[in-house]
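Asks: One-letter residues, chain by chain:
There are 2 protein chains.
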Amino acid sequence: QRGIWHHASYITLKWVFALLIGILTGLAAFFINIAVENFSGWKFAATFAVMKHSYFLGLITYVAFNGALVFSSVYIITQFAPAAAGSGIPEIKAYLNGIDTPGILLFRTLIGKILGSIGSVGGGLALGKEGPLVHTGACIASVLGQGGSTKYNVNPKWLRRFKNDRDRRDLVTCGCAAGVAAAFRSPVGGVLFALEEVTSWWRSQLLWRVFFTSAVVAVVVRTAMGWCKTGSCGHFSSGGFIIWDISGGQDDYSFFELLPMAMLGAIGGLLGALFNQLTIWISTWRRNVVHRKGNRVKIIEVLLVSLITSLLSFGLPMMTSCKPCPDPAKYPDVVCPRPSHSYGNYVNFFCSNENEYNDLATIFFNTQDDAIRNLFSTNTPHEYTTRSLLTFLVMFFSLAVLTYGTAVPSGQFVPGIMIGATYGRLVGILVVNASSKDSVDEGTYALLGAASFLGGSMRMTVSLCVIMVEITNNLQLLPLIMLVLLISKAVGDAFNNGFYEEQVKLRSLPLLDSRPQRFMRTLAAKDAISTRKVVQFSRVSKIGHIVSVLRSTNHNGYPVVDKLPTGEPVVIGLILRSHLLALLQAKADFQHTSIPGDIPGQIKFRYDVRDFTKPVSSKGVSIYEINISPQEMEMFIDLQPFVNPTPYIVPEDMSLTKVYNLFRQLGLRHICVVPRPSQVVGVITRKDLLPEVLEERDSLEEIMSSRGRY
Amino acid sequence: QRGIWHHASYITLKWVFALLIGILTGLAAFFINIAVENFSGWKFAATFAVMKHSYFLGLITYVAFNGALVFSSVYIITQFAPAAAGSGIPEIKAYLNGIDTPGILLFRTLIGKILGSIGSVGGGLALGKEGPLVHTGACIASVLGQGGSTKYNVNPKWLRRFKNDRDRRDLVTCGCAAGVAAAFRSPVGGVLFALEEVTSWWRSQLLWRVFFTSAVVAVVVRTAMGWCKTGSCGHFSSGGFIIWDISGGQDDYSFFELLPMAMLGAIGGLLGALFNQLTIWISTWRRNVVHRKGNRVKIIEVLLVSLITSLLSFGLPMMTSCKPCPDPAKYPDVVCPRPSHSYGNYVNFFCSNENEYNDLATIFFNTQDDAIRNLFSTNTPHEYTTRSLLTFLVMFFSLAVLTYGTAVPSGQFVPGIMIGATYGRLVGILVVNASSKDSVDEGTYALLGAASFLGGSMRMTVSLCVIMVEITNNLQLLPLIMLVLLISKAVGDAFNNGFYEEQVKLRSLPLLDSRPQRFMRTLAAKDAISTRKVVQFSRVSKIGHIVSVLRSTNHNGYPVVDKLPTGEPVVIGLILRSHLLALLQAKADFQHTSIPGDIPGQIKFRYDVRDFTKPVSSKGVSIYEINISPQEMEMFIDLQPFVNPTPYIVPEDMSLTKVYNLFRQLGLRHICVVPRPSQVVGVITRKDLLPEVLEERDSLEEIMSSRGRY
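Chain order of the listed sequences is X and R. Reminder that position 647 of the first sequence reads as 751 in our numbering, one-by-one numbering, no gaps. Reminder that position 464 of the second sequence reads as 568 in our numbering, one-by-one numbering, no gaps.
Just chain X, same shape as in the assembly (with noise of 0.2 Å):
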């Protein structure tokens, strides 16, 4: 009866976390849309103010507006949070492949990653904050997965039970469309890009829990934002979160508009190519010569960049001339220019007449988000000039590359909106330049230029294309949004990788792919394992033997062989290494003689699970690091109750395209190649393991009583 408790408590925690990763992933969305929209509205309320007096002074205190914020998020990295600096998606997505990378999820890592992307997104740096939300959501379902702490001395035990490979990732996924579902405002792209973009391994269970985390993020963000409707967030207003409404687009299309949206796509896909190989370029670079110079050579680089993102945002405008107002009788719902302290388009920046406003101003000299629900703003034909477009796609463009890779929390999609918005545009104008019909709208090419260029960067589909559609709240437009997909990432595919998986692959973390490559077909098992000779224990080893192979071997599997009673040799598992390091440094089942202990399945099992777990961002414990006495390494060990006892195995000459969707397909860490069987004892078949057909062998009840439970 106990079992059944058991297995109903741990289902329940289940979904207590689940609520709970949804419950403070929205928390923390909230918190630094907050953060970042009231420092974003002090900066540039205390510019418009100082500038009413001076440019310059006003340009100095927008310099040093941005660059106090950005040195906050850099000083944190660097100093107490390193592995919060980036996107950190490419991490999520090793992790869930089976690499872990240190420090990657720590409670720290979520604090710094949090603070530091109101900085940088604040400091109005080219960088998102979605990237690092999805990261923010992984980290708070891992930190509540860890079973409290060992640290601060929290560690109630049936916290534990999450404390395994395969319960953390599940959180983890969970956690990851938690972010993008809070990011976005939108649950169902967060599922789907959780699906699409991040897990290697998905379980049909796993998606209805995902799902839950996702409703629960959009119930607690719509109800956060509705509590701030009462004013009391400051300068937090509906522009905090993403959602450019533009159900005022377009809601139709001739045949003719679908060229220059194939064009969209087309361009798209090189642009997105060519920002993925210029990101590689300079991570690369960075990585060789600027980040090996310490963390002073970092926040130098950050501060640069600032000032030059800075420079150029009020600069630019600066130089670029006004244009004069639309006509209020043609157009009476435009207000131009906008009053001082509100949002929105038309802004009057440098203007030597009050009815006039600087295009390039409402979009470069602007939080990005406000940018964009320019850039995707309908019904204002000809707000923008060619040229003024022009300035801004090459300059942010170049921006957006510079400041990828710099050790700040930074996300690629806002980047990746304002670049596809901004060339979408210019194309719609030429569209709306081309084309006699009203129906055509420049904000509906902005954004199919969004997508495009997402899809030719991160060539994602179905995901991307549920997120543009909620963010922007129009389904009229989903199959041009499709249509744009196809291309761009097609295009784009002819080029490199998607961004993550570059990104991915620059840091060396050895993701698996879902499919063996070609070349596989023409190799068998064998071919596969190291020409190093495999090592392997006996039942009954001697400690000092253990100590010396772990020592001059890095394997992290050992077989381990007994005889049978006829003395021909048979293989009873397999022992990891962390597993003989936990039984070193126990010393509890050293004895003194080399025969077997006690009757397999009877022996007592003097550990507790935790000392066999994996801990969650660190190396864990070295060989080096344990001390064994001289009399110890005389020592054996019988290490039969320790092995796991049936690994997968694999014929040496099976395909290694079988052997690697084997590996692939179910996330293993280990395969034993064995030679061929020389004895096929039976096959199982669909049949054989229908439950109905199980249940009804006569023989069960007694193999199930006879064995007890495990």
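What the hints contain is simulated information worked out from the structure, not anything from laboratory work. Note that the structure is a prediction, hence the values are computed from the model and not measured. The beta carbon of each residue, even a glycine, is placed where N, CA and C say it ideally should be. Some hints could be false.
Stated by the list, open to error - Okay, derived cross-link-like pairs now, BS3-like style, lysine-lysine, Cα gap no bigger than 30 Å in a straight line:
hint	chain 1	residue 1	chain 2	residue 2
1	R	K667	X	K630
2	X	K762	R	K667
3	X	K762	R	K118
4	X	K791	R	K427
5	R	K791	X	K637
6	X	K630	R	K791
7	X	K637	R	K118
Unchecked claim - Footprint (simulated), chain X over chain R, 3 or more residues, beta carbon under 8 Å:
hint	stretch
8	283-295
9	300-309
10	315-329
11	414-428
12	580-592
Said to hold, decoys possible - Stretches of chain X that chain R covers, calculated by requiring three or more beta carbons in the stretch to come under 8 Å of a beta carbon on chain R:
hint	stretch
13	309-321
14	427-440
15	778-792
Keeping the supplied structure of chain X fixed, place chain R upon it in accordance with the hints.
Replies: Positioned in the frame of chain X, the structure of chain R alone reads:
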């Protein structure tokens, strides 16, 4: 070089097939919709025309029209395409899990499904055309991938490459997505439906292709509907395809409304589970009692159901008293009563006064698409009386249960939406009465009710959510839909499995669940193999022996053993029953001596691959159909060239849970259970499988050149 061309043409062909599936499914959906709308249009036009003279003659016209349409459907199904009856989704689900139901993917099933749907839906039965459209899409995909037809002698060689299980399953998955995308005009919903509900194995490469197919469907359907706007499609108006635009619904909710919404979820779970249970009982009864008696009984049964449906949908509104039209001053947009030849609310049916309408007739005496549109209609408070809705709910629920399982194509989506929308609107009326706010809208509750019933019956989550959003064209309700679905699925799961799973079980299709049962943890691989002794062949076997073994056993795979030069036995592989049958039929490799034919690897393979492929929808040849002379019985055959040399193997004491996961995750048909190995040749880890590492091995070049191309 041929390899690359071969590969490129294969990839191209895959995409061409995806394109064709999209186009053809879109056109099929369009054709079905046009036909249904026109038949229904004629029916109602004729009935209304006759009713002007006599209500009794109107009833006769209505019953006759319905009877004729339903008869055409059941006649086609029973006489030509029995496999086209029902929804088809359970069978497709089983097919993608690895179980072939005879006839389910044939060309004649496709035709039967299309024509049968038109009759059954046009004839006003309580069923939908959406499930059948999924089946239609799957059939189109399978017929395309079949590689021509042996019967009609269209059998080009380049098409045969898709004659393998994996490629055909991929195509069918695309077809399912296309079907949903076409049925609901919901491309993203289609992709997710295929992913969540239908497939058993999902590869991320497939996602991309499925996405493409869905996009194609969206474009085709839109183009076709654009063509209809010119008025050349008769009664087919915008009403044809499911899009119940409720963008006018409530865009916000008060906190207190979460309670009635949660209640909707609970009701949906209860009624959904009840629906599943009732359909199980009635299907079992049908199968055991009614349908045994042959086709004539099936036809009579369907005609009886049609008669009952017609009488109820005509008679019940007649017995309802009419209501006066709403005050035009208060609701200026309402057209009441609606003009005779248009679609919409407020139908004047059997009313004594010109200025009245019949609320029950508005939903019951109507096509289902229009009825749903009327139930979802916003800003029409108090259109329906509680009594009419209750009457309709009870009657339609019973009709839906009664109709499911009759010998016509039938989908459960639309009936589910009808039932859910009705009680949703009922709850909505309660909330409107209880609340003082104007913002509460009955139509929104109807939509949530529809989501809850589908969730409670089908237990889908993400895909259903996206489909609901796509068909109502309203994103703002997404979090509420998620909430309702979460509750209704959880409540429903407490009682039984999802609708499709129950139907699969009912048909005794041995579907393997994605998760092993808990009791399997206590079993080992050897407990699952049948108690019968394993039957194996020697490398060179006597024909007579093979024949007698094939006759006396019904295994699908037989291990083949050989002797090493040392005399030790060694398993050289597994041979399939179907391959043995092909060899016995061809007789090309019979030999007179028991000496192995050639040096292994050098043997000439005299067969075309297609000789060994399984036919799509038949049982294949039986051992009793092969004639072998007594002389031939004495001959031998060397099985070595025909075995699968490296089937997946597991040691006999591996936990059955692990075996199950291996089997299920890799989609296997056979696993060989072997004794514990006596030796481990090596251990393969993640690093060994990285392409970079493998490519760097010095030996690789050598190995590959020495082996030649496989």
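Asks: Would you mind marking each hint as holding or not holding in the structure?
Replies: Here is what the structure says about each hint:
| no. | hint | result |
| --- | --- | --- |
| 1 | R/K667 x X/K630 | holds, 22 Å |
| 2 | X/K762 x R/K667 | holds, 26 Å |
| 3 | X/K762 x R/K118 | holds, 22 Å |
| 4 | X/K791 x R/K427 | violated, 61 Å |
| 5 | R/K791 x X/K637 | holds, 16 Å |
| 6 | X/K630 x R/K791 | holds, 14 Å |
| 7 | X/K637 x R/K118 | violated, 44 Å |
| 8 | 283-295 | holds (count 3) |
| 9 | 300-309 | holds (count 5) |
| 10 | 315-329 | holds (count 7) |
| 11 | 414-428 | violated (count 0) |
| 12 | 580-592 | holds (count 6) |
| 13 | 309-321 | holds (count 7) |
| 14 | 427-440 | violated (count 0) |
| 15 | 778-792 | holds (count 15) |
Against the hints set out earlier in the document, violations occur for numbers 4, 7, 11, 14.
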